[in-house]
Structures are given as structure tokens and as C-alpha cells.
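J.: Residue numbers (numbering that gives the first Met the number 0), protein chains in the order written: chain A, 0 to 209; chain B, 0 to 256.
Since no wrong hints were added, every one of them can be taken at face value.
Derived DMTMM-like pairs (lysine to aspartate or glutamate); straight-line CA-CA distance at most 20 Å:
| id | chain 1 | residue 1 | chain 2 | residue 2 |
| --- | --- | --- | --- | --- |
| 1 | B | K119 | A | D7 |
| 2 | A | K26 | B | E72 |
| 3 | A | K199 | B | E42 |
| 4 | A | K26 | A | D42 |
| 5 | A | K122 | B | E163 |
| 6 | A | K122 | B | E221 |
| 7 | A | K18 | B | E72 |
| 8 | A | K60 | A | D98 |
| 9 | A | K18 | B | E34 |
| 10 | A | K161 | A | E145 |
| 11 | A | K75 | A | D7 |
| 12 | A | K122 | B | E253 |
| 13 | B | K19 | B | E34 |
| 14 | A | K199 | B | E72 |
Think of the hints as simulated: they come from the structure by calculation, not from any bench.
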Amino acid sequence: MQRIAVIDYGMGNLHSAAKALSAVAPKDEIVVTDDSALISSADRIVFPGVGAIGDCMAAIKHHGVDEILRAEWTAKPILAICVGMQALFDHSDESGGVDCLGLLGGSVNYFNRFPSVSDAGLKVPHMGWNQVKQIAHPLWDGIDDESRFYFVHSYFVQAQDKNLVVGQTEYGERCDVAVATGNVFAAQFHPEKSGRDGLKLLSNFVNWSI
Amino acid sequence: MALAKRIIPCLDVENGRVVKGVNFVGIRDAGCPVEIARRYNHEGADEITFLDITATHEARDTTYKTVETIAGEVFIPLTVGGGVRTVDDIRRLLNCGADKVSINSAAIKTPDLVDNASAKYGAQCIVVAIDAKRVASPDGQLKWEIFTHGGRKATGIDALWWAEQMAARGAGELLVTSMDRDGTRDGFDLPLMKAINSRVNVPTIASGGVGNLQHLVDGVLEGGSDAVLAASIFHFGDYRIADAKRALSDAGIEVRL
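If we strip away everything but chain A, and leave its shape as in the complex, we get (with noise of 0.2 Å):
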């Protein structure tokens, strides 16, 4: 038996995480906590996220995240999820502009200042089922290439170091959607609203030995 962290920093909906991630891991210990020992203490690290970046990053220094965050960084298996995902790197356009973890290089910004976006009529948010171009990363295992994931978000991630990329998807501009380095996986999409293959994701992150 294992211990999950679920970090909780008070954002909402962080339960369809922790049930995604007991029903792929039945007799591990899944805990929804914000408690720095309890993570620190826990095998692997699960770091969601929703709603607006501005809030999220306020809550997540509140809460001492970053600073759990900083110490887990190389230590365990990490997978964060959208907001968390965004929240890893240098700066995001949300929020009139927002600071962000600076973990990861590169940029989160608005699908709408692209006219790629804006000019097609494509709809904001980029919510629903797209395809995800994989690269070859052990989370992926099992699940075929370009299969669908569930999707909902206003802003896109922008990485820096494009050997870090695992997953990209098309809407309008090409998004990097899936994020890997060492220990640490970060997904745009929802992998615990996916389905068959986001759990199939989800179970390849709880039994994945770096």
C-alpha cells in the first residue's frame, strides 16, 4: 500500500481527482490534504487545479504549496492537472497577468489573442474531447496515440524547452498539452474526466517507478 497526496489549497472541485485516482488504486491510501507533513510523507503527489490562476496562485502561497512543491520537485512522481499544470510554469496571461511557480520555462496564454483562434470562430473555452499527440513517455502506455481527452480551459501552455513535451493538441494554435521532466508529468487535460483512457493515465501514474 501506497499514500496519494491530493494537494488541497481550498480550489474547489478536487474530489473527482481522489475518486478517479481510488477507483484505478483500491487498496492505496488516497488523502486530500493541504498538510505539508502528510505530502511530504506521501509516495506520490497529485496537484490539481481549477478555476482562474489568479486565485489559484494566491491560494497556493496561502497554503505553502510552493514551497512543497520546491522540495517534492526531483523527489517523487508528481502529476499535475490543468490549473496545476499552468501553475508550473514562469508566467500566465490570466488574471490581468499572474506570476507563476517558474518550475517549468515558458508561457500560459489566452486562446483569443490568437486570430488562428479568434478568426476561425473557434469557441472559448477549448472545452470537450480532442486528440492528444503523444510522445513517447511511460504514462502514455496502453493508450493509443491521438486518443481524446477531456478538455476545459481559456488559456494554453507555451513550453519552453520543447524536449519537455509529451502531448500536443490542435485548436487553432498547437498546444502543449502534456508535459513531462523526471519525476514530474503535467496534463492540460482532465485525465480523471477521460474515461477509460484517463484512468488508464491515472494507473499508469500510481505504479510508475522512476
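Got chain A; can you put chain B on it based on the hints?
T.: Using the frame of chain A, we list chain B on its own:
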């Protein structure tokens, strides 16, 4: 590579049972919400919408429990609506495992609720439900008005103007139901969907009137909707989700198969 159009089965739930009416009245029992949600998830639905049409507060606690049970077993997005009045109602539903919350009458009574909820939880989880009915217009142009209370109460609000307002206030998605078509099986009100889609830049869900699979195709190709919602055709076994997916795919529409 493209975003798929979504097929959303809708569970209208009253006192813990899935029911379906015609033009919002004349109710027929369709079964247990958890079992039905499980079946649709298994059949490849892209999302599930759960509308609580229960009138009493006591029965609402059943709803919270049902939502929690569904969210624990069904790992696709779950939208929950019906009787949502305050930011606190939204918080409670999100905590039960809803991914999106649909606001209807309360948005008309207190439009600021949409701004506040969207600022607090993000536009991605705020759906505004618009129940629209055709009304006579002096210049002969098509015109739709917003109705509340299950279609019994006219508001005098123009539906197209309202859709723009709601998107501007932070709705991340609009669930547009034609009151004229709901339960009739005559197909979506396509001019309504077309008119709304030409005015807003947020995703829209067409609802009300699906009787066959061609109606779903029309909702996307003619109505311009991002998602199509149906209840009776799936509940009573006329079609399976996979049949609907195939019909859309055969019509050249991107779907998640």
C-alpha cells in the same frame, strides 16, 4: 485533429428517479439515475447532465447523495442543475463531485450570481441554462423569450440578448432548451440555435425535441451547436449512444468513438 462534438444524455431527476415529460409536463418514469448514468458512461457518452426537478428541500439531500454516487463511478464530466440559487449551492454541488453547475431561474432573478460564481470557481464550471419559447414579434422576425418555473412563467427577456449577457457575465457554456420542442420529438429549434451561436463565442448545447438521430446531426451541422443533448431517445431504448456517435460520424462530424 479536431475537437469532437459532444453527445450528452440528460437525466431529469425527480425525487430520486429519472423521469421524462412532454413540454415540461406529463411525467414518465425511466429508472434509477445511478444505473442510467453508469450505462451511458459505459456506452461512451461524452458527458452527463443531471437536472434535479425536485421541488422540496428534503428531497434535495437525496440529490446530493445521488450526485456523489454517480461522481464516484462515472469518470466523464457531470453537469448538475436544478434549484441552484446561491454560490453556496454551487460549492456544495462541486464538493459532491459535479464538474459543472447549471444555473437557470436564479440567473434571471440575480444575474450577479453568474459573475460571482464564475469569478470564484471559473467559467469552465458555470453553465447557464436558457429555456426559450417562440413569441410573436411585430416585425414578423423570429423572436424567442425566456421562460422560468418549468416553462410556466414568462419573463419578457429576449433570449438572444440574454445569451449574450450570460456569456459576458462569465458563463462558460450555454444549455439552450427550446420549450416549444421539448419532449415533442420534432427536432431542435434550429433557427434558435443558429441565432444564439452567431452571437456568442462560448460553447452551446442544443436541447429539446430530439426524436431521431438525424435531429442530432442537424443540431450540429445546421444549428452550429458544440454539443447535443437528448433524453427520451436514450432512456427508452430507441437508440444507444454508439448509434448516435455513428450517425454523427457518418455525417462527417468529429466525434469521440
